[in-house]
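Generate coordinates for the entire structure from the input sequences, incorporating the hints supplied.
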Amino acid sequence: MIATLRSLLLVGAMTTASAAEAEATRSILSFDDLQGWAEDDHGAALSVFLNTCGDLDDPDWRALCGVARTYEPDAARAFFELFFRPVLVEDDKEGLFTGYFEPELDGARTRTDRFKYPIYKMPPEARAEGPWLSRRDILTGDVMQGRGLEIAWVDDPVELFFLQIQGSGRIQLSDGGTLRVGYGGANGHPYRSIGVELVRRGVLGAHEVSAQMIRAWVRKNPEAGAELLLHNPSYVFFREVSRVAPEFGPLGAMNRSITTMRSIAADPAYTPLGAPVWVEKDGEKPLRRLMIAQDTGAAIKGAQRADIFFGTGEEAGQAAGKLKDPGRMVLLLPIQRAYALLPDEF
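With my numbering, letter number 132 in the sequence shown gets 132, and the count goes up by one each step, no holes.
Errors might be hidden in some of the hints.
[Stated by the list, open to error] The calculated lysine to aspartate or glutamate pairs, modelled on EDC-like cross-linking and capped at a C-alpha distance of 16 Å, are:
| id | residue 1 | residue 2 |
| --- | --- | --- |
| 1 | 220 | 159 |
| 2 | 322 | 284 |
| 3 | 93 | 240 |
| 4 | 301 | 23 |
| 5 | 322 | 282 |
| 6 | 301 | 90 |
| 7 | 220 | 156 |
| 8 | 116 | 57 |
| 9 | 121 | 240 |
| 10 | 93 | 156 |
| 11 | 121 | 150 |
| 12 | 322 | 208 |
| 13 | 324 | 155 |
| 14 | 285 | 325 |
| 15 | 301 | 92 |
| 16 | 116 | 58 |
| 17 | 324 | 280 |
| 18 | 324 | 282 |
| 19 | 324 | 284 |
| 20 | 116 | 106 |
| 21 | 301 | 91 |
| 22 | 301 | 94 |
| 23 | 116 | 150 |
| 24 | 324 | 150 |
| 25 | 116 | 156 |
Bear in mind the hints are in silico, worked out from the structure with no lab data behind them.
Below you can see the structure in the form of structure tokens.
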């Protein structure tokens, strides 16, 4: 995504789910209502669905997961049409799709003159309920010093800032190895967009804001740029991820690898994690594709809000950073669950 804090604590999401559901409207559609449905690669979507469906606790979903494992890829469309119904969930917000990715940074296990910006593990006291210290307090004070909380050191504070926004990434180590980090917690402060702040100051126009433009401005104005980064009080901590093979994507909110252009981050108040979602993204490059909701994001709020995972590296980051398109998403639910959501008078 352009500027969204990747991870959202699911406990907090669940406390607001009932209120969000009360505000939403739901309509059952037919598969004929889904633009481009017949042309998609349903087998690819089934494979991604199988990656996380075994972790779903609800009996309806568990049963469907067992059935899904008996289907070959060429019969995947029949599986979805037989056991699911498309449900359009709407609130008072227009549909919006953005993108996110897994960044790659240069770094080292130990501090050097080049690699001097630390990636921190979460200190125990930061896990207490309620906001902890702000970004400014963490980075300008000595609370983190001498505690061995550094996972690695990187050479660019701007890239580290965007790593925190994405919530996971890969560090290309100076000795030739690779280190993967994933979301390890946050300090409890709300995310404040530095892009919005640059627009407020008149530095950039609203149409100019992108990750690339922000990077360029901060690097061109190092002192003002460092202060700008502190405008966002939210701070993300990491953990080292060693069990995910390099060929797989980073871990999403379900603690499973997500898949390029088949996984989305959605609001769990409206979209159950692990559920298939039909995406109809408009804009310059329209997209019609069955994806799986396997991640969340603090800026991903609403029934028609989603973040599409674009993959790893600079090219994926450039594509993700440009995406801000309208459209709609249609949730696929087990048949019984779909009809149970409708009003009694339906």
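### Query
Against the structure shown, which of the earlier numbered hints fail to hold, in ascending order?
3, 8, 10, 13, 16 and 24
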